[in-house]
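Residue numbers (numbering that gives the first Met the number 0), protein chains in the order written: chain H, 0 to 422; chain Z, 0 to 422.
If you are wondering where the hints come from, they were derived from the structure by calculation, not from laboratory data. Incorrect hints may appear among the rest.
No copy is singled out in the list; a pair is fine if it fits within one copy or between any two copies.
[Said to hold, decoys possible] Here are the simulated EDC-like cross-link-like pairs (lysine to aspartate or glutamate), alpha carbons at most 16 angstroms apart as the crow flies:
1. 75 with 140
2. 142 with 311
3. 11 with 311
4. 421 with 140
5. 421 with 139
6. 11 with 390
7. 416 with 390
There are 2 protein chains.
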Amino acid sequence: MANRFAQFPILKHLVRWLILIIPVSVTIGSIVALFLWLLHQATGLRFQYPWLLFLLPLAGIAIHLIYKTIGRSSEKGNNLIIDEIHEPGGGIPGWMAPVILVCTVITHLFGGSAGREGTAVQIGGSIAQIFGKLLRLNADDTKIILTSGVAAGFGAVFGTPLAGTIFAAEVLSVGRIQYTSLLPCLFAAIIGDATVTAWGIHHTTYHIGVTAGVQELIPGYISPAFSLLIKVVPAAIAFGLAACLFSVMVHTLRNLFLKLIRTSWLIPVAGGLIIILLTFITGSTDYLGLGVDPQYAGSVTISSSFKAGGADTWSWLWKTVYTTITLSSGFKGGEVTPLFYIGATLGNTLSGILDAPAGLFAALGFIAVFAGATNTPLACTIMGVELFGSEYMHLFAAACFIAYFFSGHSGIYSSQKIAVPKI
Amino acid sequence: MANRFAQFPILKHLVRWLILIIPVSVTIGSIVALFLWLLHQATGLRFQYPWLLFLLPLAGIAIHLIYKTIGRSSEKGNNLIIDEIHEPGGGIPGWMAPVILVCTVITHLFGGSAGREGTAVQIGGSIAQIFGKLLRLNADDTKIILTSGVAAGFGAVFGTPLAGTIFAAEVLSVGRIQYTSLLPCLFAAIIGDATVTAWGIHHTTYHIGVTAGVQELIPGYISPAFSLLIKVVPAAIAFGLAACLFSVMVHTLRNLFLKLIRTSWLIPVAGGLIIILLTFITGSTDYLGLGVDPQYAGSVTISSSFKAGGADTWSWLWKTVYTTITLSSGFKGGEVTPLFYIGATLGNTLSGILDAPAGLFAALGFIAVFAGATNTPLACTIMGVELFGSEYMHLFAAACFIAYFFSGHSGIYSSQKIAVPKI
Numbered sequence: 000m001a002n003r004f005a006q007f008p009i010l011k012h013l014v015r016w017l018i019l020i021i022p023v024s025v026t027i028g029s030i031v032a033l034f035l036w037l038l039h040q041a042t043g044l045r046f047q048y049p050w051l052l053f054l055l056p057l058a059g060i061a062i063h064l065i066y067k068t069i070g071r072s073s074e075k076g077n078n079l080i081i082d083e084i085h086e087p088g089g090g091i092p093g094w095m096a097p098v099i100l101v102c103t104v105i106t107h108l109f110g111g112s113a114g115r116e117g118t119a120v121q122i123g124g125s126i127a128q129i130f131g132k133l134l135r136l137n138a139d140d141t142k143i144i145l146t147s148g149v150a151a152g153f154g155a156v157f158g159t160p161l162a163g164t165i166f167a168a169e170v171l172s173v174g175r176i177q178y179t180s181l182l183p184c185l186f187a188a189i190i191g192d193a194t195v196t197a198w199g200i201h202h203t204t205y206h207i208g209v210t211a212g213v214q215e216l217i218p219g220y221i222s223p224a225f226s227l228l229i230k231v232v233p234a235a236i237a238f239g240l241a242a243c244l245f246s247v248m249v250h251t252l253r254n255l256f257l258k259l260i261r262t263s264w265l266i267p268v269a270g271g272l273i274i275i276l277l278t279f280i281t282g283s284t285d286y287l288g289l290g291v292d293p294q295y296a297g298s299v300t301i302s303s304s305f306k307a308g309g310a311d312t313w314s315w316l317w318k319t320v321y322t323t324i325t326l327s328s329g330f331k332g333g334e335v336t337p338l339f340y341i342g343a344t345l346g347n348t349l350s351g352i353l354d355a356p357a358g359l360f361a362a363l364g365f366i367a368v369f370a371g372a373t374n375t376p377l378a379c380t381i382m383g384v385e386l387f388g389s390e391y392m393h394l395f396a397a398a399c400f401i402a403y404f405f406s407g408h409s410g411i412y413s414s415q416k417i418a419v420p421k422i
Numbered sequence: 000m001a002n003r004f005a006q007f008p009i010l011k012h013l014v015r016w017l018i019l020i021i022p023v024s025v026t027i028g029s030i031v032a033l034f035l036w037l038l039h040q041a042t043g044l045r046f047q048y049p050w051l052l053f054l055l056p057l058a059g060i061a062i063h064l065i066y067k068t069i070g071r072s073s074e075k076g077n078n079l080i081i082d083e084i085h086e087p088g089g090g091i092p093g094w095m096a097p098v099i100l101v102c103t104v105i106t107h108l109f110g111g112s113a114g115r116e117g118t119a120v121q122i123g124g125s126i127a128q129i130f131g132k133l134l135r136l137n138a139d140d141t142k143i144i145l146t147s148g149v150a151a152g153f154g155a156v157f158g159t160p161l162a163g164t165i166f167a168a169e170v171l172s173v174g175r176i177q178y179t180s181l182l183p184c185l186f187a188a189i190i191g192d193a194t195v196t197a198w199g200i201h202h203t204t205y206h207i208g209v210t211a212g213v214q215e216l217i218p219g220y221i222s223p224a225f226s227l228l229i230k231v232v233p234a235a236i237a238f239g240l241a242a243c244l245f246s247v248m249v250h251t252l253r254n255l256f257l258k259l260i261r262t263s264w265l266i267p268v269a270g271g272l273i274i275i276l277l278t279f280i281t282g283s284t285d286y287l288g289l290g291v292d293p294q295y296a297g298s299v300t301i302s303s304s305f306k307a308g309g310a311d312t313w314s315w316l317w318k319t320v321y322t323t324i325t326l327s328s329g330f331k332g333g334e335v336t337p338l339f340y341i342g343a344t345l346g347n348t349l350s351g352i353l354d355a356p357a358g359l360f361a362a363l364g365f366i367a368v369f370a371g372a373t374n375t376p377l378a379c380t381i382m383g384v385e386l387f388g389s390e391y392m393h394l395f396a397a398a399c400f401i402a403y404f405f406s407g408h409s410g411i412y413s414s415q416k417i418a419v420p421k422i
């Protein structure tokens, strides 16, 4: 039992952070809104001028040069933010936000397969760091403002403020959540998300569709709800293994590129050429870019995976290959939207094998592969509720936690500490 | 980076616990179903024969004798379960389940103001302990099965399996969640809840109602959603302080009774007499029992608080007094349903002061006072979604976390460890 009358310092803490966080999260939300708008324009241009893909190797050199000259330590990306929250040290360079924003838009304009959450998290972290320095915050407060910046960036880019809040608290260490900065994070994420909406940017909405016709596994004995739960278990194991494959491939390919190609600016050139080659092999442009907007009617996108037949059997594997090559060769963006894509298309494929509703299993894959790769099962369960409603919340939780356990200890963020081993 | 190929032991762990947990949670669910049915019968009898209240002091003596003779160490209740999970030691007596069940039903039959989650958690913990001994589990596995028992009991008694899962993980320590036993807990809670439903027991449903007519705070400048959020902050502070008051009163009254009354069996007699006296003072039987079912049309219940005018200004304070006296003088049940009642009626009162929708603020109080008193803000946010849907999830989170910070460090469970101080 600590001091019983701790309410006054808590009130001061609450009011102080409520006021501090407003300018920080409005700024982050505005820059994320600009980023989402630019991303939409870049994707539109690529659809209009498909030959832009052939310039991908050159784009890689440009990104390489930007990081060599201006970016420098910000190359470490999300891991630098996580490191700085664990132990504030060298600081996050002020250039990080514009550099990652420009390089991500370049990656998407020329057809790299990447995401956007890395960019949003880095925008959030570096803007928060600038405010933290201006306000001369001490080490503890710097941790809080950086974590809030991550929450605001994540919440704003996906339109899921509560998932952003829990993500920021959950991503720092495997197997543990701490509550210290949750309130500033929540306010930051809500304000960041509201700012994006105020700028007129809207997020894609997904629909699970009706699952009324679910088959009973053993008619009369096991209820449809339990039949579904039993089918979720093997699917969630597959989602966890897919997350594991993704993490292992990113790490392995990065080391392989470094070992095979000694001239560092040639690495993105090689990466770009492989992506072009893959596009000829698959004969499809569906695995380039974000995978959210369709290039033509019948494209495999995240949305199309919510309908039976909306994805090919191996779409998830192709997207894994495209994205791990794009990111490990130095292009920028993030992993999460591709992880959504991999999960949704794998869910679509599994729904056929397991005789389960495609929309529901695409939704489960969407959140569970991400949960496994980033070790954030609670944030992903909540993201499921924010994106798809609460009807299937228990299945969301089961899928995310099973995937979390089956993804192994090597997530995509190498700076994540292992607080409690998974087993 | 620990071992990358840890998937096989994890698969073994998953399958083993999936199988182990079925008999445990079906048993817990069945006993909880019996308990809920008995509680309903007891409440019905008390409504039919109001003179039963006058026997409350005698009922207190009976409960006292049962614990002196059979119950013994199980008197420590929920704290004993928490202690055993932190450090398996003397074990939980097998008698705990029937003893707490009978004593809770006695408390409710004669009009004590108490809850039911304590009973469900103790049924869960002691049944799990029995299975753990039968299966000769080691210390680590005993922790997992006990935590799962708590999750199953809590999930089953309120019909909120995911909240039960997170509650079991969250209640052990303040300010931290660990993931180790989350999967067995989730399965236990889902099966426990499904078992209660299979026995034909249904839970009360609550409706927030339409909040379409929310007033803008500064018309044209601040959107209705933000106006609501701004009104939630002071309300949530009040919920946190109400939780603090409850915890402090339980601890203080318990010590006061022990100090003033040296003959221990006279303590419940005094408690029972005070409850009878209070009922004459207030002229109302609304604050006796659970507060879920209405005794007559116009009773103040949890459900009635969801409508404007459905609670009196000081209902929350009366319920606080009734319940803290009932529990601190040795009657049995639990704190959570009274905390729901206190929160919902306080939310109703505050909605009038703040010009906010009564249903929404009753719902916020329902979960937030409980979050503050037990230090489980995440479980309560999720409970909000399970009971009231996901539309207001962000407000649920804001209310629960603010109440958690403002409730101080003295929750109702003295065995809870403080992992991370709140501030």
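Checked hints:
no.	hint	result
1	75 with 140	neither (23 angstroms within a copy, 40 angstroms between copies)
2	142 with 311	neither (44 angstroms within a copy, 44 angstroms between copies)
3	11 with 311	neither (55 angstroms within a copy, 32 angstroms between copies)
4	421 with 140	between (30 angstroms within a copy, 14 angstroms between copies)
5	421 with 139	between (28 angstroms within a copy, 14 angstroms between copies)
6	11 with 390	neither (38 angstroms within a copy, 30 angstroms between copies)
7	416 with 390	neither (33 angstroms within a copy, 34 angstroms between copies)
Comparing the model with each earlier hint shows violations of hints 1, 2, 3, 6 and 7; every other hint is respected.
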